[in-house]
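Number of protein chains: 2
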Amino acid sequence: MSSGIKSRRPAAPSPFDLNAYVHRCCKEVDRALGRFLPSASTKPATIHQAMRYSLFAGGKRMRPALVMAAAEACGGSWQEAMPLACAVECIHTYSLIHDDLPAMDNDDFRRGKPTNHKVYGEGVAVLAGDALLTQAFEIVAQARGWGRYSHQDLVLELARASGSLQLIAGQVADLEGEGKRLPLSELRYIHERKTSALLCCSVRFGGMSANCTPAQLRGLTEFGYNVGLAFQIIDDILDVTQSSETLGKTAGKDTAAQKATYPSLLGLDASKLEAARLTDRAFKALKVFRGRATALEALARYLLQRDR
Amino acid sequence: MSSGIKSRRPAAPSPFDLNAYVHRCCKEVDRALGRFLPSASTKPATIHQAMRYSLFAGGKRMRPALVMAAAEACGGSWQEAMPLACAVECIHTYSLIHDDLPAMDNDDFRRGKPTNHKVYGEGVAVLAGDALLTQAFEIVAQARGWGRYSHQDLVLELARASGSLQLIAGQVADLEGEGKRLPLSELRYIHERKTSALLCCSVRFGGMSANCTPAQLRGLTEFGYNVGLAFQIIDDILDVTQSSETLGKTAGKDTAAQKATYPSLLGLDASKLEAARLTDRAFKALKVFRGRATALEALARYLLQRDR
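Residue numbers (our numbering), protein chains in the order written: chain F, -3 to 304; chain L, -3 to 304.
Think of the hints as simulated: they come from the structure by calculation, not from any bench.
Note: identical chains are not told apart, hence a pair may lie in one copy or across any two.
With a Cα cut of at most 27 Å, we get these calculated DSSO-like pairs of lysine-lysine:
(1) K39 x K255
(2) K56 x K268
(3) K255 x K56
(4) K56 x K23
Please build the complete structure, drawing on both the sequences and the hints.
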């Protein structure tokens, strides 16, 4: 270390490098997922290859990054949070595989690659989704419990966020809403469940892994809910404004499927304002962390400003 | 109570009434499942109706009965074992819904009623299966832990038995084996995973709910494995020998799908002998319970002697 007058002057705070953060998170989460899952050659190889195909198909690992950032905001570590981050990503990936099936959204491409059932067939795709869903709970059970939060709490948290009253409820309502002119309240119901539920669970998981206080957990819940809803509104907006090439998936699908979206009900500008308003509420929810939620703030800003 | 000489003479041991046992078990499990699951009118009603349709479609509740009987053998109670019995039944039902899908076994009838996707459509059937799988873990998390066995143990047990190395592995191998002449070792691999894995988990769950000793748990594991394999061989035999009407599902499906079965590889008589041999091993595994496993023995006898 150098000494003298210069070193006494506090360094200007370096701007938070979100790209580096997310990149490092992706790398570490990928490595951990690779260890948690049976290898691609484990019998029956087909199912493990199919699970890994979608799990390592270039997802942005936004949910794991939220888990990590929330853990940090509560004074925790990536290492402690890692199993929970991996579990959430398994749930997210399973839901994408099943959503893409012909009987649901019937998508041929996801992140610029053929969807699971296009590569492995529908039967194996259903089972790969089932296996990732089951794997998520196996991973949570392998995590260690943290003071206030037992395995019971963790399993309940994940099961409720991804169950028939939340994640699956959103998908069912979405499926049933196709071709109908839904009111905004119903569209909000869908978005809350399809997206907010698991984002909420992600940040709460991060907090739990850091043995957070009840006040911190409330802050994270409010943050997750609002970012999740904003995220989904942005998704609706991008479906209207961007090309398939930019998105890496079929654009204009919502319009083609006559799905109600925020832009179709509120218009584009009002939708953007609503997303901004929700993000503002999300930022306010971070006050409880008194400046220690840098990564969470940066992630929220990124989720609102992304163009793909 | 009457008194006198007559009452001092011990009553002749009344023969175990398996029908009454299973009937009472069905009733109590149905009631508990009804409480664990969201009501049929809970939004989104479609998914909860679809979940309940298959869960209450007249299943024999063999797995819950095994949970209860194993709990009793270890000195436990039905009440303590109930959440675990319900969780196992949710897993079993989800696996049937997904197995029946057109992309898998393509079955139109199950237990004499149209399969889930015939009533609710494929999309909802996939999601109803997902929801029951998720519900199983929510129910396990709601159970209380028992001395030697924590929630971590219980969740790991269920996740492994139903994951990509066991239950799902069996289904994948089954799917891939269609139209191929599989060797007996591969057919055994499939049966062990499609059936033994969850039966093993059922009796182990029963033992765990009674805070069983490690020796008792080993006995239950050996019992569950052998009964499970015998059960599946009987299923193969019935598919050949019984009518659709008797079975309540399409008979001769295995032959039609050119699936390898024990009868097709070993012949009918040798298959029956093999099932009997496995049941014998199962009975031997119950010695550790010193006569307190009456219900487990009766269930094993029923599973071998059933004609539907």
